[in-house]
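Undergrad: Sequence:
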Amino acid sequence: MSDVQAPWDAAQVRLWLERRIKAARSDQDVADRYGRDREDEYDKAAAEEWVCEQLRHSDALEDQARLGDALKALLKKDDFYRAGVRNDQRFEREVKAYLRKLIKMAKTNTGFGKTLRYQ
1 MSDVQAPWDA
11 AQVRLWLERR
21 IKAARSDQDV
31 ADRYGRDRED
41 EYDKAAAEEW
51 VCEQLRHSDA
61 LEDQARLGDA
71 LKALLKKDDF
81 YRAGVRNDQR
91 FEREVKAYLR
101 KLIKMAKTNT
111 GFGKTLRYQ
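Numbering (my numbering), first residue to last: 1 to 119.
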């Protein structure tokens with residue numbers, strides 16, 4: 001196996017973000033239909049959508065290192081807000097977990113090719 005990393009593809013990352021936003025919105029709709037039983041899933045999907053929306057139009061997507069820095073800056077924020085979440089603490093925890101996942105993906109440049117609905 002070689003340790004050669006694929007070149008950074010900003011268009012692929014944008015496509016991945018678009019698909020994750022659509023998937024997160026769909027997950028929120030499904031969770032909303034089930035009410036209180038799926039509040040955790042709603043907040044998790046809302047966190048995923050929030051993070052992806054923060055990055056979707058960012059210039060940081062053009063460069064792997066800049067994206068990593070932008071993700072780390074978001075992670076350092078103290079307050080994450082989105083109207084409609086069921087539990088603010090759970091939402092904040094899910095945002096931070098998703099940001100850590102994306103930091104790892106950006107660092108290794110892996111996972112952005114997985115554009116199918118379920119990952």
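Note that these hints are calculated values from the structure, not bench results.
Accuracy of the hints is not assured; some may be wrong.
Said to hold, decoys possible - Using 25 Å as the maximum straight-line C-alpha spacing, the simulated SDA-like pairs for lysine to any residue come out as follows:
no., residue 1, residue 2
1, K76, K96
2, K104, D78
3, K107, D40
4, K104, R19
5, K101, S26
6, K107, R86
7, K77, Y34
8, K72, R14
9, K107, A10
10, K22, D9
11, K114, R36
12, K104, K114
13, K114, E49
14, K76, S26
15, K77, K107
16, K22, A10
17, K22, Q12
18, K114, A6
19, K77, R66
20, K114, I103
21, K22, Q5
22, K104, G84
23, K104, D29
24, K114, P7
Undergrad: Please go over all the hints and tell whether each is borne out by the structure.
TA: We went through each hint and held it up to the structure:
1. Of the pairs offered as hints, the one joining K76 and K96 holds, with about 9 Å between alpha carbons and a cut-off of 25 Å not exceeded.
2. Restraint check for K104 and D78: satisfied, since their Cα atoms lie roughly 21 Å apart, inside the 25 Å limit.
3. Note on K107 and D40: the hinted pairing is violated, with a Cα-Cα distance of about 28 Å set against a maximum of 25 Å.
4. Distance restraint check for K104 and R19: the Cα-Cα separation of roughly 19 Å lies within the 25 Å cut-off, and the hinted pair is therefore satisfied.
5. A threshold of 25 Å between alpha carbons decides the hint, and for K101 with S26 the separation of about 21 Å falls inside it, so the pair holds.
6. Using a Cα cut-off of 25 Å, the hinted pair K107 and R86 is violated, with the two alpha carbons roughly 32 Å apart.
7. Using a Cα cut-off of 25 Å, the hinted pair K77 and Y34 is violated, with the two alpha carbons roughly 32 Å apart.
8. Simply put, K72 and R14 have alpha-carbon atoms about 18 Å apart, close enough for the 25 Å limit, and the pair holds.
9. In summary, the hint linking K107 to A10 is supported, as the alpha carbons are separated by about 14 Å, within the 25 Å threshold.
10. For the suggested pair K22 and D9, the alpha carbons sit about 20 Å apart, so the restraint of at most 25 Å is met.
11. Restraint check for K114 and R36: not satisfied, since their Cα atoms lie roughly 31 Å apart, outside the 25 Å limit.
12. In summary, the hint linking K104 to K114 is supported, as the alpha carbons are separated by about 15 Å, within the 25 Å threshold.
13. Of the supplied pair hints, the one linking K114 and E49 holds, its CA atoms being roughly 17 Å apart against a limit of 25 Å.
14. For the hint pairing K76 with S26, the CA-to-CA distance comes to about 28 Å; that exceeds 25 Å, so the pair is violated.
15. With a C-alpha separation of about 20 Å, the suggested pairing of K77 with K107 holds against the 25 Å cut-off.
16. A threshold of 25 Å between alpha carbons decides the hint, and for K22 with A10 the separation of about 19 Å falls inside it, so the pair holds.
17. Of the pairs offered as hints, the one joining K22 and Q12 holds, with about 15 Å between alpha carbons and a cut-off of 25 Å not exceeded.
18. Proximity of K114 to A6 is assessed by CA-CA distance (about 14 Å); at most 25 Å being required, the pair is judged to hold.
19. Pair hint K77 plus R66 holds up; C-alpha atoms about 17 Å apart against a cutoff of 25 Å.
20. Restraint check for K114 and I103: the C-alpha separation of about 16 Å stays at or below 25 Å, so the hint holds.
21. Under the criterion of a C-alpha separation no larger than 25 Å, the hint pairing K22 with Q5 is inconsistent with the structure, at around 28 Å.
22. A C-alpha spacing of about 28 Å is found between K104 and G84, which places the hinted pair above 25 Å, so the restraint is violated.
23. Simply put, K104 and D29 have alpha-carbon atoms about 28 Å apart, too far for the 25 Å limit, and the pair is violated.
24. For the suggested pair K114 and P7, the alpha carbons sit about 16 Å apart, so the restraint of at most 25 Å is met.
Of the numbered hints given earlier, the model fails hints 3, 6, 7, 11, 14, 21, 22 and 23; all others are met.
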